[in-house]
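J.: Residue-level listing of the chains:
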Amino acid sequence: MENRQQLEKLLTGLSNINLQAGQKRRLRVDVPAKELPALLELLKGRAGFMHLSAISCVDWPDDEQFELVYHLWSYQIDTLLSAHIRVAREPGHYLSVYDIYSPAAFFERDIHEMFGVYFEGSPNMEKFILTEWNGPPPMRKEFDSEGWVNEHFDWQDYHPDWLNEIEEQGGGIAIRPEEQRFSRTKGE
Amino acid sequence: MTDFPVKVQNRSSGNIFTNVFDELIRFARSRSLFMLHYCTGCGAIELPPAMTSRFDMERLGIQPMVTPRQADILLITGYVSVKTLKRIILTYEQMGSPKYVIGICSCTVNGGMYWQSYATAKKLNDYMPVDLYIAGCMPRPEAVISGLQQLMDKIKDGQANSWEDYYRRYDYYLGNQQRLFGDDWQTPTDIIGEAHHYGLFDEGTEGAHTELLKLHQHPLEPLGMTLNAHKIKQD
Amino acid sequence: MRPENYQPKQHPASTEYELNFGPNHPGIEGNYAFKVKLHGDKVVEAKADGGYLHRGFEKLMEQRLWIQNIALVPRICVPDPSPMEVAYSMAVEDLCGIQVPERAQWLRVMQLEMSRITAHLFYFGGHAATTGMYSPMFWGVADRDLVLDLFEELTGGRVYCIYNMPGGVRRDIPEGFLQRLSQLLDYLESRLPEYDDLFFSNHVLAKRAKGTGAMTQQQALEWAVTGPNLRATGLAFDVRKNDPYLVYDQLEFDIPTEKAGDAYARTLVRRNEMVQSIRILRQVIEKLPAIEGPIRAPIPNPLAWNVPAGDTYVRLESSKGELSWYVVSDGGQKPYRVHVRGPSAMHAVQVLENLAVGARLEDIAQIMFSLDACPPEVDR
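Residue numbers (the working numbering), protein chains in the order written: chain A, 1 to 188; chain B, 1 to 235; chain C, 1 to 380.
Bear in mind the hints are in silico, worked out from the structure with no lab data behind them. Careful: at least some of the hints might be erroneous.
Stated by the list, open to error - Computed cross-link-like contacts, DSS-like style, restricted to lysine-lysine with a CA-CA straight-line distance of at most 30 angstroms: (1) Lys44/A with Lys259/C; (2) Lys24/A with Lys287/C; (3) Lys241/C with Lys44/A; (4) Lys42/C with Lys127/A; (5) Lys127/A with Lys37/C; (6) Lys35/C with Lys24/A; (7) Lys35/C with Lys127/A; (8) Lys123/B with Lys334/C; (9) Lys123/B with Lys141/A; (10) Lys241/C with Lys24/A; (11) Lys141/A with Lys42/C; (12) Lys334/C with Lys127/A; (13) Lys156/B with Lys127/A; (14) Lys241/C with Lys9/A.
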């Protein structure tokens, strides 16, 4: 593949693909989920897209879908192509592209523990970062991080000596600790 | 365990010579501290400048040491994620008394910048006693050295005794640890036995949480992951 | 027992040993663990274990306003925080369509190259420590401190100088900054021959590092290796040249490469990159006074700022490799999704596992440091 025009011609010739050209070296492709592996093989073989930069996952709870984005870079034509697919949220399954790109294993493992999406065929779906975590997948939109923190952790008590001296002279802090927004003792 | 308990020295004893001797011991101890070289978080990037030639920490007698068994100070440099907190507690219990904990950076004080994060511990004081906090994000090497000098003064005056608090109120600390890590949390160190050994067994050492610990204690296995776990599952 | 009476038993299990190269170890850069299975002295299997530095950045960033995240962002990569700030600012500018004024772009390049020099100075001290030489660490950290002094002049922060914001930079450089920077570059250039004498041409380093952790170019491309590690295998690829951003297409610099792909080659590439960074900084010092103009493009009220919906993928060359950010906005006041892909995500996990197999135990630390694997980027 010589340059970007040839690539765009190749891609627009395929059916079911929606191609958008971004700024100078960016292309965006939207494909149906079942056609992604074939597209990746085509890009790797014909257009030199040897480098899988990242696989990102975006959670769209209103559409009940996960959007998986595969970012590929071609060393030959200096273009970055992002392939977007949508996967249904409820079973949350998809195929692994480990056989095409081996760095995919890291990203698929990461997405599995953060979002709960299972990739069939990926070599290692064990937890990597959250090995001692026993809550829900934390990056989902319904997981409330602040609520979890308020349930499981305590905040520092705030009564240092110098504050006692100030209070003796008539001063003090404006908002008492019990009235602060995150205080566990609020309203008692 | 030993048959006879070794009592912690009574500081207000009347004999002048033991007082002078104690003071000499405390002075010597404060001038030759070994710092555990465990970089637990962001603040660790300001530790090499503090240790090396520009803000030299060795002139105060403080040297890095790699094993907890021979270290005096545990520097918690930065935020503590839940996974690291387990290792820090294990390390703390492995250190020999007297030992000192310094919490560097604001994240150990009250959660710092990551207060909304599900993965960091907010209040380090809940899980182990802390002698000194050095606030900042991150504190300059000069601030770290100034904090270490304050610790040295505290040791010399005999006020850096938070390690005794761990034995005296072990039930409280264990309760917080169990709340975070689950009821089956256990460490290889026998804290209650050591409390007896040091003569620091108090009414806060045993309680409901240590009873729970006794129920769940079992012989040690390595933590978590074996190398071939994922291969075994596929078979 | 007398030596002649000793009959060792040949039992396979007694020669294999599983070792936890755990988080509390001076041979590991940062807070990271590595489980290895050893056959005597050689590694047979290796498995990386991260997550000790996990803060849930991506979740945290979704809960703060666009402008509040600027303070949070440098902390993702601790030794080299400036590319993270620039990447976030560039992503927001892409989404909003803000055009950064030229003076701000030159200032950003200056900050990035200074940060690259500090990261390489810190790195090379660490690498020397793994081969048993401790003086380079003292030299590297001390010289790095002089650059941090200059960063302190900019905003007051030595390591996390939160200098960028969407639209440009926060402040202009103080009086005489460029003179001081120029003097510092002269000093660093005069130190390089001494570093060569001490470390880079050192016979000990050559013996330890040549052949250790070698990868071919084919393997590097397959494992998605980027940055100096890829350039050490012979491929002259640099995001600054092939996918240029800011004003790098107006600057003249070379891309140093080596052929061997082992730890020694990677060290030499980083040394030569420092030379190139100094060259870029000299060009910046020359051209910057002539470029007048604002340092910040106007942005709407940052506390009530609805960034238009869309997504963008920003790539930068940090000192460790290719750093990319994928930012999605749904038109609200907070980011919808931010995905950070640090270069160490590949280097510290899969590449390290593959290279450690077959290496000796004492070389694992050297392989990890020569790959410049930074755990906070893996764990976020």
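J.: So, against the hints stated earlier in the document, which numbers end up violated here?
T.: Structure breaks hints 6, 11 and 13.
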